[in-house]
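*Asks:* Each chain, letter by letter, is given below.
There are 2 protein chains.
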Amino acid sequence: MISTMMSIKIKARLFSSADMGTGVTITPSTDQAHYLLKVMRAQNGDHVIVFNGRDGEWLSVVQTISKKACALEIKEQLRPQIPEPDLWLAFAPLKKSNTDFLVEKATELGVSRLIPVFTENTNTTRVKSERLAAISMEAAEQCDRLSVPEVAEPLSLTELITDWPKGRSLLVPDETGGGRSLKSVLETSIDDAGITPHGFLIGPEGGFAASELDALDKLPFVNRVGLGPRILRAETAALAAIACFQAVAGDWQQAPRFNNGYFFNARK
Amino acid sequence: MISTMMSIKIKARLFSSADMGTGVTITPSTDQAHYLLKVMRAQNGDHVIVFNGRDGEWLSVVQTISKKACALEIKEQLRPQIPEPDLWLAFAPLKKSNTDFLVEKATELGVSRLIPVFTENTNTTRVKSERLAAISMEAAEQCDRLSVPEVAEPLSLTELITDWPKGRSLLVPDETGGGRSLKSVLETSIDDAGITPHGFLIGPEGGFAASELDALDKLPFVNRVGLGPRILRAETAALAAIACFQAVAGDWQQAPRFNNGYFFNARK
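Heads up: the sequence lines are chains A and E, in that order.
Quick note: the first sequence, position 246, residue 267 per our numbering, numbers continuous.
Quick note: the second sequence, position 121, residue 142 per our numbering, numbers continuous.
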């Protein structure tokens with residue numbers, strides 16, 4: 022199947038929540054139609070990759086309806102849905118551009134769920150979840166993921182730890198030098214059944230308050246972890262921790278499917 | 022020594038190329054004096070941490086000279102110079118803000134040398150090395166490093182590989198799926214003598230040209246490495262690769278010395 026399509030040029034790669042299957046026609050969102058028709062100048066018959074996070078990835082063909090609207094008729098499956106690492110990232114919102122950046126990079130690095138968390142020293146009091154979801158969707162489309170991370174509604178730190186699911190480990194990078202190295206903590210979390218579900222909690226630029234660290238330390242599912250001798254900015258710590266997770270316990274032993282030969286015009 | 026200073030408040034942490042030792046007086050640069058006196062409103066007798074990348078880290082005291090000038094009298098050593106990971110990052114310059122970002126984050130993550138490299142698909146034709154050196158110095162001051170990475174003059178890819186030093190491995194993240202996972206490549210580079218010197222080469226957004234990849238593949242010191250199934254942007258690939266290096270083969274088993282109790286007013 023793949024080998025017959027080496028020379029097909031792909032106009033775009035888009036997420037849609039619609040169910041997918043051969044012969045199904047899906048309707049792009051207004052933004053997606055604008056992007057396809059105006060930005061990418063897609064024409065009738067052009068190829069677009071679509072995915073919904075459940076049914077794998079599909080090749081579709083553009084059917085223009087008007088200057089502003091089009092449909093996508095699904096032709097065939099390119100990849101089945103495969104399991105992806107189960108890694109949550111809870112983070113104190115940063116200055117706007119740093120939060121955008123964090124969401125984009127965490128999506129590229131394969132986080133499954135993003136949770137904004139307000140802590141005592143968090144400078145921001147508002148988070149636009151819709152905006153973060155849009156950034157995350159675009160990053161997922163571009164980086165060839167088969168899913169888009171869920172962007173959760175913001176929580177307080179108390180809500181986060183009260184509702185934290187049983188069986189999921191919460192790793193807190195620690196600048197005070199109290200934690201074991203992240204790599205060694207992850208390696209001891211891997212057994213014959215694979216790795217237990219994990220999440221990272223990244224504090225604000227000002228760090229956690231002493232009372233917050235005390236509360237975290239009392240929780241059986243919390244481990245403080247070390248990211249080396251340098252003091253990392255919050256967004257750097259988040260990305261470095263996620264990269265280490267994917268390398269040690271995630272999916273970095275897998276390769277991109279880029280060598281299948283699809284052309285893909287990146288969105289930016 | 023350390024224990025007597027738990028309550029000292031540090032106004033700033035500054036790099037200086039001057040030789041350092043007890044009783045030595047050093048002169049901050051014009052920018053540093055402005056920062057100390059105008060931004061941080063340092064006064065006579067205030068404490069400043071200084072380091073030069075050779076002699077460890079020292080506590081100094083501000084001696085005001087005029088409204089615009091001051092000297093720093095060194096009191097005592099806080100930390101000796103310790104060896105740091107020897108990791109080079111050669112990178113194709115990106116759009117301006119992404120290059121700035123890459124240099125800042127690579128410094129935080131402990132790279133020892135930054136080398137801008139022009140490749141066939143590199144969109145930028147100019148790099149302001151002085152600007153990158155300033156960004157790197159500020160990041161090093163903030164992240165508590167004992168050194169500032171060297172920012173090399175830009176090279177062509179041909180110059181880079183022609184002059185590449187003997188005994189240093191060059192790792193090239195590979196989106197075509199041809200490389201072994203970075204973690205496994207690094208683990209096989211570690212023997213009783215520690216890890217061999219390494220460098221990463223990060224291509225431009227457009228990727229390497231086929232002829233460039235062919236040339237790289239012929240070099241005995243080049244290894245293509247995999248960073249997982251997702252297609253990472255150039256700056257994300259660089260930071261993820263460096264983080265993996267530090268976790269697997271670098272200094273992430275070390276902890277920050279933050280718990281020594283020094284206050285440090287971050288520069289931003």
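Quick caveat, the hints were computed from the structure, so don't treat them as lab data.
Where hints are given, some of them may not hold.
For identical chains, the list gives no copy identity; a pair is met inside one copy or between any two copies.
Straight line, CA to CA, 25 Å or less: simulated SDA-like cross-link-like pairs of lysine to any residue [stated by the list, open to error]:
#1 K96 to A214
#2 K30 to A276
#3 K32 to P225
#4 K117 to I156
#5 K117 to E159
#6 K88 to R134
#7 K88 to V60
#8 K116 to I156
#9 K239 to R278
#10 K239 to E97
*Asks:* Run every hint past the structure and note whether it holds.
*Replies:* Each hint tested on the structure:
1. K96 to A214: neither (37 Å within a copy, 56 Å between copies)
2. K30 to A276: Within one copy only: 21 Å inside, 49 Å across.
3. K32 to P225: Answer is between; shortest inter-copy Cα gap is 21 Å, intra-copy 39 Å.
4. K117 to I156: both (12 Å within a copy, 21 Å between copies)
5. K117 to E159: Both. Shortest intra-copy (17 Å) and inter-copy (21 Å) distances satisfy the 25 Å Cα cut-off.
6. K88 to R134: Close neither inside one copy (36 Å) nor across copies (52 Å); limit 25 Å.
7. K88 to V60: This pair counts as within: shortest intra-copy Cα distance 12 Å, inter-copy 55 Å.
8. K116 to I156: both (15 Å within a copy, 19 Å between copies)
9. K239 to R278: between (44 Å within a copy, 24 Å between copies)
10. K239 to E97: Neither. Shortest intra-copy (52 Å) and inter-copy (39 Å) distances fail the 25 Å Cα cut-off.
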